[in-house]
Amino acid sequence: MSGTADGSVVITHDVGLHARPSVKLTKLAKGFGSTIEIAGAAEGPWIDAKSIVKVMAMKARQNSTLFVRAAGADAEAAVSAVIDLVRRDFDEAGDGH
Amino acid sequence: MATRLQGTGASDGLFMGPVRRLAGASTAERRAGTPDAEHQVLRHAITLAAAEVAGLMERVEGEAQDMLAFQLAMLEDDALSAPALAAIASGIGAHLAWVDALDGEIAGYEASEDDYFRARAADLRDIRDRVLRHVTGTADEAAVPGAVLVGEDIGPTAFLEADWSQGGAIALFRGSTTSHVAMLARARGIPMVVGLGEEGLAAAQTLIVDGGRGLVTAEPGAADEEAFRQDRAALEGQRQAAEQFRLKPALRRSGERIEVLVNVAGVEELAHIDPASCDGIGLMRSEFLFRDGAPLPGEDTQFRAYRAFLDWAGGRPVTIRTLDIGGDKPIRGLTPEGEQNPFLGLRGVRLTLAHEEVFRTQLKALARAAVHGPLKVMIPMVTVPGEIARTAALFEDCLAELTAAGTPAKIPPLGIMVEVPAVAVAPELFASAAFFSIGSNDLTQYVTAASRDDARVAALNDPAHPAVLRLIAAVARHGRETGTPVSLCGDMASEPRHVKALIAAGVTSLSVAPARIAAVKAAIAEL
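Residue numbers (my numbering), protein chains in the order written: chain W, 131 to 227; chain B, 115 to 641.
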């Protein structure tokens with residue numbers, strides 16, 4: 131069964147989608163079979179959430195909104211997992227780093 | 115025949131060992147094969163590089179491990195090599211294709227206005243060079259424990275890869291005392307000297323590295339080796355004896371309390387310092403946020419950094435010095451080029467007042483940070499009271515702007531560095547300063563008219579010259595008489611042999627290098 135899902139979340143992490151958060155996000159994304167894409171604006175450009183090169187190149191900063199969409203069998207689970215990770219501040223307390 | 119080379123000490127300590135040369139990655143003279151063959155060469159080089167980084171990750175932890183995890187993830191991402199592989203398909207050699215592709219990525223990071231993203235350019239350069247070494251077949255000399263790493267400059271992974279289990283040292287032709295590697299070396303207690311030039315080091319086999327003195331001896335003779343062993347034994351004995359004082363307040367024999375604060379130049383350094391070991395930060399060099407060749411940091415980036423220092427200090431005072439560039443610290447586009455005598459030119463507050471927009475951004479970030487803890491701000495290179503007045507007026511202006519926008523902010527106490535002799539001779543003219551911090555490095559070089567960067571006159575540059583000490587004593591006396599706090603944050607405060615003279619001169623607050631906290635407290639206990 132195949133489906134699509136989307137959502138958005140505000141990045142609260144101190145320095146945005148920095149190296150450590152990006153490593154976590156891409157690792158998480160790779161665990162899903164669906165294609166997962168993220169963007170800094172609702173109209174895109176959309177980039178592959180499994181590519182750290184592209185995720186880092188977004189330079190998404192604190193307080194910016196991250197848009198997420200996925201297509202595939204586990205699309206819904208993928209979108210909610212990504213959003214959840216961002217909401218949890220990538221499981222790190224903001225420490226200024 | 116022993117050769118002595120004078121450089122700049124980047125990390126204290128003494129070490130003697132064989133030289134291990136680090137190859138700079140080069141694109142020179144490599145004959146490219148067919149596109150298919152080049153494709154394979156690059157893929158294979160990336161696989162080898164990834165395997166090395168993965169192996170390295172198992173040997174480190176904490177931030178170093180995070181940094182390597184990032185590098186590994188980049189290496190494993192096909193998007194990194196895709197532009198290079200496309201170029202190879204069109205007939206470009208693997209080495210040029212890779213360098214072009216990575217230089218494009220690096221430029222993207224360097225152009226970021228965010229410090230944290232910009233700093234990743236160094237990781238990308240590290241990745242580029244590691245892969246390139248596998249493409250061109252130029253490898254570093256084999257790793258041996260207990261070696262002195264010698265090269266033009268080294269990247270953070272080269273430091274992390276080296277086997278430090280038997281000690282070691284670093285001697286660089288160029289390099290910088292504020293680089294990431296210099297911080298790693300200080301944290302690990304690895305002696306490091308930079309700026310030695312290539313000539314004397316090119317063929318050296320054995321080196322003695324004296325990080326404290328910034329001195330390297332190539333091909334030491336028997337007498338040098340003996341002196342090294344004695345110095346090292348003495349240093350080790352002192353270090354162990356001093357350790358017991360680290361977490362205690364610094365008290366003289368009479369029971370008089372001397373403040374011992376710490377000098378820092380980067381957020382990364384804080385991880386290696388216990389806040390309980392000091393009375394706060396006596397000097398935070400804000401120029402670490404401003405890197406040559408990179409865009410200037412914005413207000414938010416600066417605010418976050420300043421706040422990180424306050425958070426770390428946990429209620430202890432934090433003194434941040436406004437941008438002190440010029441002189442020996444150039445930043446393209448800001449500092450003037452081709453000055454005849456940069457140390458007497460447009461530097462410190464003279465420069466920031468000439469670039470008001472840059473100064474305002476920093477003052478705004480400082481005013482915002484001041485809400486979050488006991489922040490103090492000090493102005494470098496002040497020569498006349500008008501410079502304090504102009505800075506204070508700009509601060510007021512910035513505060514008004516922030517307040518109007520509803521941003522919490524306040525003006526922190528504003529003090530000055532005492533480093534221009536005009537201030538040290540007539541401190542009473544500077545009654546508007548909330549505190550004085552004596553910058554003994556510049557004060558000494560201006561009073562003795564001798565630079566410590568020039569080996570031929572460095573011996574004249576002596577902070578213990580009676581003229582320098584007399585000025586320090588006069589400033590300390592003025593401070594006592596007027597109730598103005600006085601501290602000293604130059605390198606002499608970190609030298610136990612100078613501490614006695616400083617205390618005799620009436621200085622009761624010292625700001626020292628993190629690695630010297632215990633040694634300085636131990637020296638105070640003897641007085």
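Bear in mind the hints are in silico, worked out from the structure with no lab data behind them.
As the structure is a prediction and not an experimental result, all values here were calculated from the model.
Mixed in with the good hints, there may be bad ones.
Some, not all, of what chain B presents toward chain W, calculated at C-beta under 7 angstroms [unchecked claim]: (1) Met188; (2) Ala193; (3) Leu194; (4) Tyr230.
A few chain W residues that don't get close to chain B, going by computed Cβ distances all over 10 angstroms [as the list claims (entries may be wrong)]: (5) Ser138; (6) Asp144; (7) Gly146; (8) Gly163; (9) Ala171; (10) Ala172; (11) Ser181; (12) Phe197.
Residues from chain B shown here face chain W by an in silico Cβ test under 8 angstroms; the list is partial [said to hold, decoys possible]: (13) Ala183; (14) Phe184; (15) Ala187; (16) Asp191; (17) Glu224; (18) Ser226; (19) Asp228; (20) Phe231; (21) Arg234; (22) Arg418; (23) Ala587.
Don't be surprised by glycine CBs; every beta carbon is placed ideally from N, CA and C.
Results of checking the hints against the structure:
1. Met188: holds (6 angstroms)
2. Ala193: holds (4 angstroms)
3. Leu194: OK, holds: Leu194(B) within 7 angstroms of chain W, min 5 angstroms.
4. Tyr230: holds (5 angstroms)
5. Ser138: At about 22 angstroms from chain B, Ser138(W) clears the 10 angstroms cut-off, so the statement holds.
6. Asp144: The assertion about Asp144(W) is violated, with a minimum of 7 angstroms to chain B.
7. Gly146: violated (8 angstroms)
8. Gly163: holds (18 angstroms)
9. Ala171: About 18 angstroms separates Ala171(W) from the closest Cβ of chain B, which puts it past 10 angstroms; holds.
10. Ala172: holds (23 angstroms)
11. Ser181: Label violated. Min Cβ-Cβ 4 angstroms, cutoff 10 angstroms.
12. Phe197: Per Cβ check, Phe197(W) is outside 10 angstroms of chain B; nearest 20 angstroms; holds.
13. Ala183: holds (5 angstroms)
14. Phe184: This hint holds: Phe184(B) lies near chain W, its Cβ roughly 4 angstroms from the closest one there, short of 8 angstroms.
15. Ala187: holds (4 angstroms)
16. Asp191: holds (5 angstroms)
17. Glu224: violated (12 angstroms)
18. Ser226: holds (6 angstroms)
19. Asp228: holds (6 angstroms)
20. Phe231: For Phe231(B), the interface hint holds, since the closest Cβ of chain W sits about 5 angstroms away, which is under 8 angstroms.
21. Arg234: holds (6 angstroms)
22. Arg418: holds (6 angstroms)
23. Ala587: violated (39 angstroms)
Comparing the model with each numbered hint stated earlier shows that hints 6, 7, 11, 17 and 23 do not hold.
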